[in-house]
Structure formats: C-alpha cells, structure tokens
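Student: Going letter by letter, the sequence shown gives residues 11 to 237 in my numbering.
Taking lysine-lysine and the BS3-like style, the derived pairs with C-alpha atoms no more than 25 Å apart in a straight line are:
(1) LYS109 with LYS43
(2) LYS106 with LYS59
(3) LYS42 with LYS14
(4) LYS59 with LYS109
(5) LYS80 with LYS42
(6) LYS22 with LYS42
(7) LYS59 with LYS22
(8) LYS106 with LYS42
(9) LYS205 with LYS59
(10) LYS43 with LYS22
(11) LYS43 with LYS59
If you are wondering where the hints come from, they were derived from the structure by calculation, not from laboratory data.
None of these values were measured; they are calculated from a predicted model.
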Amino acid sequence: MILKRYLGRGEKFINNFLRTGGRQEIPVRMRKKIREIQELLPRAATTSKELAYSIFWTSQGNSICRYHQKFRGHKQHDGEHTGAAPYIVQGPAYSKSLKGTASPGHMHCGCSIDVVLMDFFFWKTWSVRSTHPDFEEVEESMRDEVFPARMRSFVVQAYAIGTALELDDLYAINYGTEYGTDEYNKGVRKRQVEKLITLLDEGRDHDELHEKWALVKVPDPEFGMGA
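Use the sequences and the hints to build the structure in full.
Tutor: Here it is, written out as structure tokens:
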C-alpha cells in the first residue's frame, strides 16, 4: 500500500526532474521515502548522477548519505586516529559541515559523492539468493540495511577495481534506455570490455589499477558545488 501510494506521483516527479533538472521537482518528503524504502523507485538511483544526487538533499538544504541519516551521531572521519577510531581511513573523508559548505566532490556529511551514489545504486538494485536448498528460490534485497561508512568504501572500491567500471558507466541515461533492459546490459558490458582492453594494452599492474580506480580521490571536484 505504501509503495502504491508513492509510485505514481514519484514517477511524475522524476520525469519532471529529468526534463528541467530542478531539485525542487522532487519534494523533500518523496526524496526521504526513496532513501528509506529500498524497492521504491529504483529509477532514482539508476538513471543519472544528477537525479541520484538530488535525492540526498534534505529539508535543511544540505546533502547527507544514507549512513549518516541513520546514524546521526557518527562523527569519525579520515585521519581521526584515536582509541575510539583506530583506523585512519574511516569512510567519511571530512568532518560534517551540515550548516556550512561541503568539500569539493563530497556531501555535507563528509562522504564522497561518488561513493555514496554507487552505494545507492547497489542498494536499489542488488539482491542475493540462499545457498541452502530449502531456500534456493528466495531472492532478497538489502531492504533497510546500510553499509557502515568504512565498509562501504571497501565494497565500492572493490567493485570499481574488479570491474573497471566507474559510477558514470552505470547510469542508464548513457545508453538511452532504462536500467535492466537488454540494451542497458549490452551497453554496460561493451563499455566494461573496452575499458579492460585499454588497461591490458597499457600493461597496467595491480598497483596502477588500484590507483586508477580507487574512489578515495575526488573524481569530479565541481560536481555538486552549490547544487
């Protein structure tokens, strides 16, 4: 019932956004529901970077990832090497700046925009099956689960390094179709093969691949500034 209540209006809001590019086309309440309900409007995560990023803007005029919206008290960030936070790489690159200006390429919660949006893409599209024969027909999504910020970085970087695909390669708008169609799948696979061939031709070793695909860097410093 909840899904049915939001689906029709949500599709209309998304279509309006794709036509105008205005974040105000998607009401704050709808953005919140899309962030909270895994099966609601996966198009919001799979169509374009601009659309996906717009979903994370709150009523306070700042952008906050799903992890920090669920765990608002989490304050650790990269470089905060203390007893309570023994790792240098925490996941969030910077401290929160909810009322100030976000660092280039990052949200106001301090997390990389690309990492958050790739995680959003995974959350809206991934599912798993059991290896137990009694449940082999069961397919289940992540539902309301959220990757911890540090673990999220491992998952996103491992995916990028292992597949040679970056965030922009995943969006359906690049292939003139919807996520999950044959045209989409063929387009992504073709781009992946082209990238892998290029890497092989360049003779890159593992360390070079890691440096190229690691997402702790700021991939697009201008994206999101003042959005």
